[in-house]
Structure formats: C-alpha cells, structure tokens
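Single-letter residue listing:
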Amino acid sequence: MECDACRSKLLEYLDGDLTGPAQGELEAHLTQCPGCREELQGIQDTLSLIARMPAPEPPEAFWQQYLRELRQKVAAPSWPARLQQWLAGFTRRPIPALAVGIALVLVVFLTWNTLTVQPPAPPVASLDLTEQLALSQDLDLLQEMDLLESLELLEDWDVIESRDIPDRQRAA
Amino acid sequence: MKEADLALIARLRQGDQSAFDTLVRQHQKALFRLAYRMTRNADDAKDISQEAFLRAYRGLEAFDGRSSLSTWLYRITVNLCLSHLKQHRAAGEGAMPENYADPSARPLEDLQERERLRALSEAVAALPPQQQATLLLRVHHGLPYREIAEIMESPEGTVRVNYFHAVAKLRTQLKDLRDDV
Ligand SMILES: [Zn+2]
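Just so you know, the sequences run in chain order S and B.
With the working numbering, letter number 99 in the first sequence gets 99, and the count goes up by one each step, no holes.
Positions in the second sequence are counted from 1; adding 1000 to them yields the working numbering.
Source of the hints: derived by calculation from the structure; they are not laboratory data.
Hints may be right or wrong, so weigh each one.
[Stated by the list, open to error] DEER-style ranges, computed between Cβ atoms:
#  : chain 1 : residue 1 : chain 2 : residue 2 : range
1  : B       : H1088     : S       : Q32       : 28 to 38 angstroms
2  : B       : K1175     : S       : A22       : 22 to 32 angstroms
3  : S       : Q32       : B       : G1065     : 15 to 25 angstroms
4  : B       : S1068     : S       : D17       : 32 to 42 angstroms
5  : B       : Q1014     : S       : F62       : 56 to 66 angstroms
6  : B       : E1061     : S       : E60       : 45 to 55 angstroms
7  : B       : G1015     : S       : D17       : 36 to 46 angstroms
8  : S       : R37       : B       : Q1014     : 55 to 65 angstroms
9  : S       : A22       : B       : D1047     : 18 to 28 angstroms
10 : B       : T1022     : S       : T19       : 37 to 47 angstroms
11 : B       : D1016     : S       : C3        : 51 to 61 angstroms
[Stated by the list, open to error] Pulled from the structure, derived: some chain B residues nowhere near chain S, Cβ distances all over 12 angstroms:
#  : residue
12 : A1007
13 : Q1014
14 : D1064
15 : R1116
16 : P1129
Predicted model, so just to flag it, every value in this text is computed and none were measured.
The beta-carbon is built from N, C-alpha and C at its ideal position, and this holds for glycine as well.
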C-alpha cells in the first residue's frame, strides 16, 4: 500500500468503517511506515482537541430564566392567533368594529386613490379625514390600529398615523 | 421514532404546558451548545436555541415524525445557525470568540494548549458552514453519519466528505501552527 492511499483512509479507519482485507492492508502499512503512524497520531490529536473545544456551562438559574422566557413567547399569540382574536373582537364589540370598519373603507379608498390618481393625493387631505376619525378614539381604535398595522394588509395605515408626523418633524 | 417521543408529541399537541417544559429541558443544552459553537456567542446561542424550540412548537402540526424529535430540533437549529452565519459573514463580521467562563472546565494545562485551542476555534469558524455543522454534530454531539445526513438534509456520502475535509483542514492548520512554534 502506498502512503497516499493509506492517509486517505485514516479517518475511515478511526471511524471503524474499514473492515476485512482493507483494514488488514492499512494496519500492515502502519506497522512499517513511521510517517503514516505519525499522521494517524496527528489526526487523533486533532479530533481530541476538537472535542475539548470549550462551550459555556450556564448555571441552573440561566436555564430557569431561559424556560420562563420561552413559556412567555409560546403564550404570546402567534400571527394567525392574533388575527383570529382581532376578528373575534370585531363581532364582540360592534362599536369599535364600526370605527375600524370606517377606517378600513377609508384606507381602501386612499390606497385606491394613491394608485390611480396622478399625482397622488397630498397627505394633507388624509389628515382631514383622519381628524374626523379621531373623534372615535374612545372606541378602542388606537388599540386596534396596533394590530392592524402588524397585519401588513394595509401599508397605508401610515397615512392615518400621519397625524403624528408634524410632531416628529418638529422634533427633527 | 421512540415511544417517549411519540408520547411527548401527543401531549404537546394537546397543549400540555408541562410537555413543552419537558421538551425544552431535554434538549436545551445540546441546542444551546451547538448554536454556541457555531456562532461563538452566548447571546446568539440563547436566541437561536429558543427560536428553535418556538418554531418546533408552532410547527408541531407539520412534524411528520419520520425523524426523531432530537433530529428535528437539531435540523431547525442548524438552519437557524446557517442563516445567522450567512448574514454575519456577508456583513463582513469576523465573529470573535467570547471570553467564556466555563466553571466545569479544568484549568488549561499550559499556554500551548490554550494557544492551540484558540487557533482551532478560529480554524473551525473559518470552515464552510456546512462542514462546520457536520464536524460539530459528529465530534461534540457524537451523532452517526446517517443522523447528520437527516439533519443536514444531505446524502450520507456528502456528510462523510464534509467531515473528512473539515478534519483534514484542521489537522493541516494545527500542524502548521506546531511547525511555526
Ligand atoms: Zn506510509
């Protein structure tokens, strides 16, 4: 057996994957070739060093906190669940639902307007509309908006939120 | 799949909170260590392993039970690690290993061993991510090629080749290091 052939089989040999004549041939070569023996030793050292690569051993308190956080994440409703809850709220609370309904119609209208009318309607127009909408604030609208925004169904919610923009601009 | 896995999955599907706790307790250390060794960052390892549990839990309905729970969790974790590495390597961030405190580790024998481990850690981090994951699953998690193939969703032959290449590369780099000293 040549050294190259021997060395290409050393890992398989260490894995115990070489059997029968192949194993015998390799072992015979190893007994008479110091170079390949050294290579075998080198691979064994490498593997044992890899096995010694440290990793943290967090204390029990870490794992308790870890599990607590995970339970919270699991309990936090996922996307579809949030949507379901929101839709359920729609039927349970008709008044805020009405406000949200109006908002939806407005958004669809505004989106349609923006897409079809050139140039797009200035944001000022939407401010007026949303001023009116603001009257129904007491109807949980703001809470619903948070949900709606994350739905990403209606990117144009920004338009309605734009009531805040002048403040931000002032700040900037 | 193992009986215990089947029973645990049944309980999870019924929304049993304690079953989720059991799942986490059983696999948290393995997933955390794998993610730590891949990302070399304890915070990332925590986030990634928690995300893996969350995805497993939410994807429970889709779990077909062809692989074991452990294989499935490893697969999710490896995929999260691979995309994490892709993002961070693309951003040109060379992950620097943290100074971790490992209370269970015996004090390193000497400076040379410490130096070799540091060099090894760099060399492992520089491996192609697929080879890196394969190496870690094989050496640290002691998994057979067949299971690593399931985790990596690659043929067993590819897994063996990845493993051999990784070890050969590290062996050469450590040899060069010793020759330099
Ligand atoms: Zn030889």
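Hint-by-hint comparison with the structure:
1. The given range of 28 to 38 angstroms is broken by H1088 (chain B) and Q32 (chain S), whose C-beta atoms sit roughly 49 angstroms from each other.
2. The hinted window of 22 to 32 angstroms between K1175 (chain B) and A22 (chain S) holds, with their beta carbons roughly 26 angstroms apart.
3. For the pair Q32 (chain S) and G1065 (chain B), the beta carbons lie near 52 angstroms from each other, so the given range of 15 to 25 angstroms is not met.
4. The given range of 32 to 42 angstroms is broken by S1068 (chain B) and D17 (chain S), whose C-beta atoms sit roughly 23 angstroms from each other.
5. For Q1014 (chain B) and F62 (chain S), the Cβ-Cβ distance of about 29 angstroms falls outside the hinted range of 56 to 66 angstroms, so the restraint is violated.
6. At about 32 angstroms, the CB distance of E1061 (chain B) to E60 (chain S) disagrees with the hint of 45 to 55 angstroms.
7. G1015 (chain B) and D17 (chain S) have their C-beta atoms about 45 angstroms apart, which keeps the hinted 36 to 46 angstroms range intact.
8. Distance hint for R37 (chain S) and Q1014 (chain B): a CB-CB separation of about 59 angstroms, consistent with the stated range 55 to 65 angstroms.
9. Distance hint check: the CB atoms of A22 (chain S) and D1047 (chain B) are about 46 angstroms apart, inconsistent with the given range 18 to 28 angstroms.
10. Between T1022 (chain B) and T19 (chain S) the beta carbon distance is about 40 angstroms. The supplied range of 37 to 47 angstroms therefore holds.
11. Checked against the hint of 51 to 61 angstroms, the pair D1016 (chain B) and C3 (chain S) passes, with Cβ atoms roughly 59 angstroms apart.
12. Separation of A1007 (chain B) from chain S is adequate, the least Cβ-Cβ distance of about 20 angstroms exceeding the 12 angstroms criterion.
13. Once the 12 angstroms rule is applied to beta carbons, Q1014 (chain B) is consistent with being away from chain S; the minimum gap is 14 angstroms.
14. No beta-carbon of chain S is positioned within 12 angstroms of the beta-carbon of D1064 (chain B); the least distance is around 21 angstroms.
15. With a closest Cβ-Cβ approach of about 6 angstroms to chain S, R1116 (chain B) is found to fall inside the 12 angstroms limit, against its non-interface label.
16. Non-interface status of P1129 (chain B) relative to chain S is upheld: no Cβ of that chain comes within 12 angstroms, the nearest being about 16 angstroms off.
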